[in-house]
Amino acid sequence: MSDITDALVAAVADACARHSGTDAVAGCAGGGWNGPLWTSLEQIGVTTVSVPEEHGGAGGDVATAVAVLAVLGRYSAALPLAETALLAGWLLAGCGMALPPGPLTAAVAGPGLLRRDGGDWLVRGTVPRVPWARHAGHVAVLDAGRVVLLRRGDFLVTDGVNLAGEPRDDVSADAVVPAAQVGELPAGSRDWAQAFRERAALGRAALMAGAARRAAELSVDYARQREQFGRPIGKFQAVQQHLAAMAGEVLLAKVAVEAAALAVDAGAGGDVAVAAAKTVVGQAAGQVAALAHQVHGAIGFTQEHPLRHSTTRLWAWRDEAGNEEEWSAALGRGALDGGAHGLWPLVTGTR
Amino acid sequence: MDLWNLDAVALPPALHALRRDVRSFLAEETAAGRLAPHCDQWLAGWDADFSRRLGGRGWIGMAFPAEYGGSGAGALARFVVTEELLAAGAPVAAHWIADRQSGPALLRFGTEEQKRAFLPGIARGECFFAIGMSEPDTGSDLASVRTRGQRVDGGWRLSGTKVWTSGAHRAHAMITLARTEPLPAAPQPAAPQPADRHAGLTQFIVALPAPDVHIRPIRLLTGEHHFNEVVLDGVFVPDSRVLGEPGAGWRQVTSELAMERSGPERILSTFPLLAAAVDYLAAAGMRSSAAQVGALTARLWALRQLSLAVAGRLEAGAAPAVEAAAVKDLGTRFESAVTETVRLLVRLEPDLGSSRPLPRMLAEAVLHGPGFTLRGGTNEILRGVVARELGVR
Numbered sequence: 001m002s003d004i005t006d007a008l009v010a011a012v013a014d015a016c017a018r019h020s021g022t023d024a025v026a027g028c029a030g031g032g033w034n035g036p037l038w039t040s041l042e043q044i045g046v047t048t049v050s051v052p053e054e055h056g057g058a059g060g061d062v063a064t065a066v067a068v069l070a071v072l073g074r075y076s077a078a079l080p081l082a083e084t085a086l087l088a089g090w091l092l093a094g095c096g097m098a099l100p101p102g103p104l105t106a107a108v109a110g111p112g113l114l115r116r117d118g119g120d121w122l123v124r125g126t127v128p129r130v131p132w133a134r135h136a137g138h139v140a141v142l143d144a145g146r147v148v149l150l151r152r153g154d155f156l157v158t159d160g161v162n163l164a165g166e167p168r169d170d171v172s173a174d175a176v177v178p179a180a181q182v183g184e185l186p187a188g189s190r191d192w193a194q195a196f197r198e199r200a201a202l203g204r205a206a207l208m209a210g211a212a213r214r215a216a217e218l219s220v221d222y223a224r225q226r227e228q229f230g231r232p233i234g235k236f237q238a239v240q241q242h243l244a245a246m247a248g249e250v251l252l253a254k255v256a257v258e259a260a261a262l263a264v265d266a267g268a269g270g271d272v273a274v275a276a277a278k279t280v281v282g283q284a285a286g287q288v289a290a291l292a293h294q295v296h297g298a299i300g301f302t303q304e305h306p307l308r309h310s311t312t313r314l315w316a317w318r319d320e321a322g323n324e325e326e327w328s329a330a331l332g333r334g335a336l337d338g339g340a341h342g343l344w345p346l347v348t349g350t351r
Numbered sequence: 001m002d003l004w005n006l007d008a009v010a011l012p013p014a015l016h017a018l019r020r021d022v023r024s025f026l027a028e029e030t031a032a033g034r035l036a037p038h039c040d041q042w043l044a045g046w047d048a049d050f051s052r053r054l055g056g057r058g059w060i061g062m063a064f065p066a067e068y069g070g071s072g073a074g075a076l077a078r079f080v081v082t083e084e085l086l087a088a089g090a091p092v093a094a095h096w097i098a099d100r101q102s103g104p105a106l107l108r109f110g111t112e113e114q115k116r117a118f119l120p121g122i123a124r125g126e127c128f129f130a131i132g133m134s135e136p137d138t139g140s141d142l143a144s145v146r147t148r149g150q151r152v153d154g155g156w157r158l159s160g161t162k163v164w165t166s167g168a169h170r171a172h173a174m175i176t177l178a179r180t181e182p183l184p185a186a187p188q189p190a191a192p193q194p195a196d197r198h199a200g201l202t203q204f205i206v207a208l209p210a211p212d213v214h215i216r217p218i219r220l221l222t223g224e225h226h227f228n229e230v231v232l233d234g235v236f237v238p239d240s241r242v243l244g245e246p247g248a249g250w251r252q253v254t255s256e257l258a259m260e261r262s263g264p265e266r267i268l269s270t271f272p273l274l275a276a277a278v279d280y281l282a283a284a285g286m287r288s289s290a291a292q293v294g295a296l297t298a299r300l301w302a303l304r305q306l307s308l309a310v311a312g313r314l315e316a317g318a319a320p321a322v323e324a325a326a327v328k329d330l331g332t333r334f335e336s337a338v339t340e341t342v343r344l345l346v347r348l349e350p351d352l353g354s355s356r357p358l359p360r361m362l363a364e365a366v367l368h369g370p371g372f373t374l375r376g377g378t379n380e381i382l383r384g385v386v387a388r389e390l391g392v393r
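Going line by line, the protein sequences match chains A and B. For the first sequence, our numbering puts the final residue at 351, and the numbers step up evenly by one. For the second sequence, our numbering puts the final residue at 393, and the numbers step up evenly by one.
Check each hint, because a few of them may be wrong.
To list a few chain B residues with every Cβ distance to chain A over 12 Å, as calculated [claimed, not checked]:
1. G56
2. S166
3. L352
4. S354
5. A387
Label pairs and their calculated CB-CB ranges [unchecked claim]:
6. E349(B) with R231(A): 25 to 31 Å
7. A298(A) with E340(B): 31 to 37 Å
8. A31(B) with D191(A): 35 to 41 Å
Stretch by stretch, here's where chain A covers chain B in the computed footprint (C-beta under 8 Å, at least three residues) [as the list claims (entries may be wrong)]:
9. 199-210
10. 214-228
11. 299-305
Hints listed in this document are in silico derivations from the structure and should not be mistaken for laboratory results. Note that CB positions come from ideal geometry on N, CA and C, so glycine has one too.
Using the sequences and the hints, build the whole thing.
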């Protein structure tokens, strides 16, 4: 990482340590969000990281955004930063629209959501499980190569949550929005819905990398404190092997999301990299969560123990934006298409 | 803890040209009928002529400075060359140990005379090394070596037995770890403390073959001869062939481990099998295998990035031994996962004698599989290394 990214990550970690302690995280668990932390991150200037400055963003690359998200995942921070920066900010900047202040979210429209109505646009329908919609000032909806910016009042929210209690709300609209709220993405060969899906997956993978690290850290701490048979359970080789296996998966997840972000920034091999990263990090999430609970014993399985904030997120996020099976199947189809001589170039990003 | 600070590395664009050169070389070798892919070729593929051709192109000893016959290209350039060779299943065993760890150890700890004596030959692909670490009673517990080095006029006499010594019957030298100071007597029943056990070990460069060194094959379960028992029968080693400081052997040996454990050979031993399977499944129209093929591809992609990240640390001059242990634990389990997944997908009987590459490589992968998670430190020991870093040991 660059020195600038290092400093930014340190500042974000400091803000999280102040505002996203166990009580704050528990307080958000029923669909809430962490307003004080958001304000602090706005002051640091990181809520629109990776959105170019000329479009009203904070600048920086996707690798920087991923590094920030890993910190937020580690602290179970209840904030729509991935949605604001990597998705909504990216869509709005992509069609030259101004970025509204505050938290944003984004979604891909189902068929027929958007129709032309004279000079305006008619938005009618429901988009399910939009992350953080109830706390977002605006929802950026992608419909083919077009982006509609819905403002509060343009849409209704039906509350829902994921396994960790993070908002996953159904967004319904029956509104006429003026052309000024609709932007066109540059025409080209790009499949924007696919690109959206990749960025959403990368964001979840980055958060998972951080949450997996926290679950491993909690497990190491617990294994050093908890005594049975007259010694800390961490002195038993069977427990040590679990902890080391977790550490390996955490390391693999960290490097995978960083490498995927570098590939996206370089504009080469990002599709393969993100598919691989979401697959591997999703696998790691399941393994780390299971081992963390095994090491913690019954106490980790209770509401009073903070481990659940990390593991419920891992279980939720691995199925969001495409699970391991979905991404590995896509990757595997590409591998089968390429044959024996295509596999290695695919893995090395040198197709 | 430093472990969590391992960062992904983007290969410099300048290395793309190097990668293309290696690929065209491999294509030429294949076209000339000199290269057919096999699994686990860094153990089993001994081809001195192939090594010499690689050396001629400057692809061995890439980490050595030019004055010692290397190209000074560094760890990332070496990563690119070695991963291309391994992915192609090329026969790299002859020079593998010398290029990966004996050469770098000589460069780091050797005298000027030793560097000039060995490094140019290694870089030309003409001087091959073996590793004299394990013994009949010394497997995972390396500090328990019993081979003794006795001080004599002008040098040392080594007595003891080394085992699992890959390629000793064809190598030109073996870097041998021996005890040169006796273990201090420990009050019974307490075992000697680690600091004591790690003291008094010394590395020697033993020239091979030699009259006082008796080398016998230890055959793999397939009957293949790669491993050896090497009996050192009072062989004389002059002072000029002590590597580094007498007594500093433990520190020197452990500094090799980051190089020994983190490379792409800990991930790619079964890659030729996976590539052949992908062709077979595609040709047979078995598209339902996509998710499993993709899951292996994804893990390979990520493990390669992890190995590359450790190479980045090596390039920066660090000795990331713990990270390397994690790479080897994850990577070698993946190597066997490839075998098990491919086996179920292709539904062919493994056959070493098959004229078709896929059943043959499936057999190679199955039969060599047990070694993947044993050699270079068992996976249980490696997880112990990681656990110590986590502070629970």
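Here's how the hints hold up against the structure:
no.	hint	verdict
1	G56	24 Å, holds
2	S166	26 Å, holds
3	L352	20 Å, holds
4	S354	17 Å, holds
5	A387	4 Å, violated
6	E349(B) with R231(A): 25 to 31 Å	50 Å, violated
7	A298(A) with E340(B): 31 to 37 Å	34 Å, holds
8	A31(B) with D191(A): 35 to 41 Å	38 Å, holds
9	199-210	violated (count 0)
10	214-228	violated (count 0)
11	299-305	holds (count 7)
Checked against the numbered hints above, the structure violates hints 5, 6, 9 and 10; every other hint is satisfied.
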